[in-house]
Amino acid sequence: MSTLAHVFEAGGIATVTIGLVREQIVSTAPPRGLWCDFPLGQSLGRPGDAAFQHRVLEHAFSLLKAEAPVFEEFAEPVRDDGTTVMSCTLPPRYDPDVHPAVDEARGLRPAYDRALERFGNRIGPGRAIDADTVVTAVEAFARVAEGTPWEEAGIPGVPGEPGIVSRVSLDVRGYYEMAALALSDHAPESWAGVRWFLNETETGKVLREVRAKMRDSGAEWIDWFFVTPADASDDEVADEHPRGPTEA
Amino acid sequence: MAGDKEAKARWADIEAPVFNETAFTAPPPLNEATVAVVTTAALHHRDQESFLPFSADYQVLDGSRRDYVMGHWSPSIDMTGFAYDMNTVLPLDRLDELAADGTVGAVSSHHLAYHGVQQDLSALRLDSGPAGAKRLKDSGVDVVLLTPI
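Note that the protein sequences, when read in sequence, are chains A and B. If you read the first sequence in my numbering, its first letter stands for residue 1458, the second for the next number, and so on. If you read the second sequence in my numbering, its first letter stands for residue 17, the second for the next number, and so on.
In short, the hints are calculated from the structure, not lab data. Among the hints, erroneous ones may be present.
Estimated spans, in silico, between C-beta atoms of each pair [what the hints assert, rightly or not]: (1) Asp117/B x Asp1673/A: 26 to 36 Å; (2) Asp1587/A x Thr119/B: 39 to 49 Å; (3) Lys21/B x Glu1618/A: 24 to 34 Å; (4) Pro1548/A x Lys21/B: 45 to 55 Å; (5) Glu37/B x Pro1616/A: 46 to 56 Å; (6) Ala1523/A x Ser155/B: 24 to 34 Å; (7) Ala1523/A x Asp63/B: 22 to 32 Å; (8) Leu142/B x Gly1675/A: 33 to 43 Å; (9) Ser80/B x Gly1564/A: 34 to 44 Å; (10) Glu1515/A x Arg81/B: 34 to 44 Å.
Below, a list of computed lysine-lysine pairs in the DSSO-like style, where the Cα atoms sit at most 30 Å apart [unchecked claim]: (11) Lys1662/A x Lys24/B; (12) Lys1670/A x Lys150/B; (13) Lys24/B x Lys1670/A; (14) Lys1522/A x Lys150/B; (15) Lys1670/A x Lys153/B; (16) Lys21/B x Lys1662/A.
Note that beta-carbon positions come from the ideal geometry of N, C-alpha and C, so glycine has one too.
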């Protein structure tokens, strides 16, 4: 983000840069930088809180009055406490003859549809698969978790371009997180939906297992790394590759 | 356990570019300025091509629409806030309110999105970055608010 600030200023446009990773915005030093201690993915702070977002914008635009490069910090942090999990009631088992993740994915469809109607599809299926294919994808991921080689499990789009498994997994996660918004019916706390998906749902547990199995089987980095968020066990591999947003 | 603290810790030590000189453009008064948003959240419209993982290109976002999609590749980001309220990344409703009360001169009809995951920043610095700046400059934009993912 800060790199683009330098580029745009050189192109004759004044910029105000919001930065979320303090080390990076300090290092790259955009002409007018505002460090906001907010979670990644929430550049303006609290979703659904227009007054808070206006306070952020007021501070950011106040930097335009500076006559030389300036860096300030926004005074109201919004932090992930590391433990909050979205409170969602999962549908009860319906078909005991199918994998619990598959049963769960089917059961969440009405909630997904309600979220789609209310919010639109900003994070859900559409990268590699549509909502009607989510259950098929979950069935395939469950086979991988149970030992089928990922190339033979019937994951939609496989074989395909590098990283296709990650795109499918993000579509599945987006389907679940949208359903969670409908089930919880309030603005989500930072990372509460992610932790709910990864730790509380059957499909989240399946995807964690899929990632581990793909990594251990020697799959290409691009195919397994983005399946779920990185953790400490990835450090050696991650040091060789981009791990997330650089200061573009 | 997945969380924002862990994600930021992993990214904090990524080598960031250092600029020996800081370009600095004086803006007009905010109440006379046209403002655009440029984000690295890899947003796009559903009918546009999504971003490849290390794409340096940008997408043009139509400010009259609200069907923005998160095309970012990293799973180490909580996207539910954006799903609930797009303004947490792309604050166009807030900017419209500031334009309506006269705080901001005008909101640009178009905005830009880049992908925050990059292997090499040279294309952004020398090609797609300057191209995006020229596009906005030519359309009358005076001030850009840069928002990360």
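Okay, the hints, checked on the actual structure:
no.: 1; hint: Asp117/B x Asp1673/A: 26 to 36 Å; in the structure: violated, 57 Å
no.: 2; hint: Asp1587/A x Thr119/B: 39 to 49 Å; in the structure: holds, 41 Å
no.: 3; hint: Lys21/B x Glu1618/A: 24 to 34 Å; in the structure: holds, 33 Å
no.: 4; hint: Pro1548/A x Lys21/B: 45 to 55 Å; in the structure: violated, 32 Å
no.: 5; hint: Glu37/B x Pro1616/A: 46 to 56 Å; in the structure: holds, 48 Å
no.: 6; hint: Ala1523/A x Ser155/B: 24 to 34 Å; in the structure: holds, 25 Å
no.: 7; hint: Ala1523/A x Asp63/B: 22 to 32 Å; in the structure: violated, 40 Å
no.: 8; hint: Leu142/B x Gly1675/A: 33 to 43 Å; in the structure: holds, 37 Å
no.: 9; hint: Ser80/B x Gly1564/A: 34 to 44 Å; in the structure: holds, 37 Å
no.: 10; hint: Glu1515/A x Arg81/B: 34 to 44 Å; in the structure: violated, 26 Å
no.: 11; hint: Lys1662/A x Lys24/B; in the structure: holds, 23 Å
no.: 12; hint: Lys1670/A x Lys150/B; in the structure: violated, 47 Å
no.: 13; hint: Lys24/B x Lys1670/A; in the structure: holds, 26 Å
no.: 14; hint: Lys1522/A x Lys150/B; in the structure: holds, 23 Å
no.: 15; hint: Lys1670/A x Lys153/B; in the structure: violated, 49 Å
no.: 16; hint: Lys21/B x Lys1662/A; in the structure: holds, 21 Å
The structure fails to meet hints 1, 4, 7, 10, 12, 15 from the earlier list, while all remaining hints are met.
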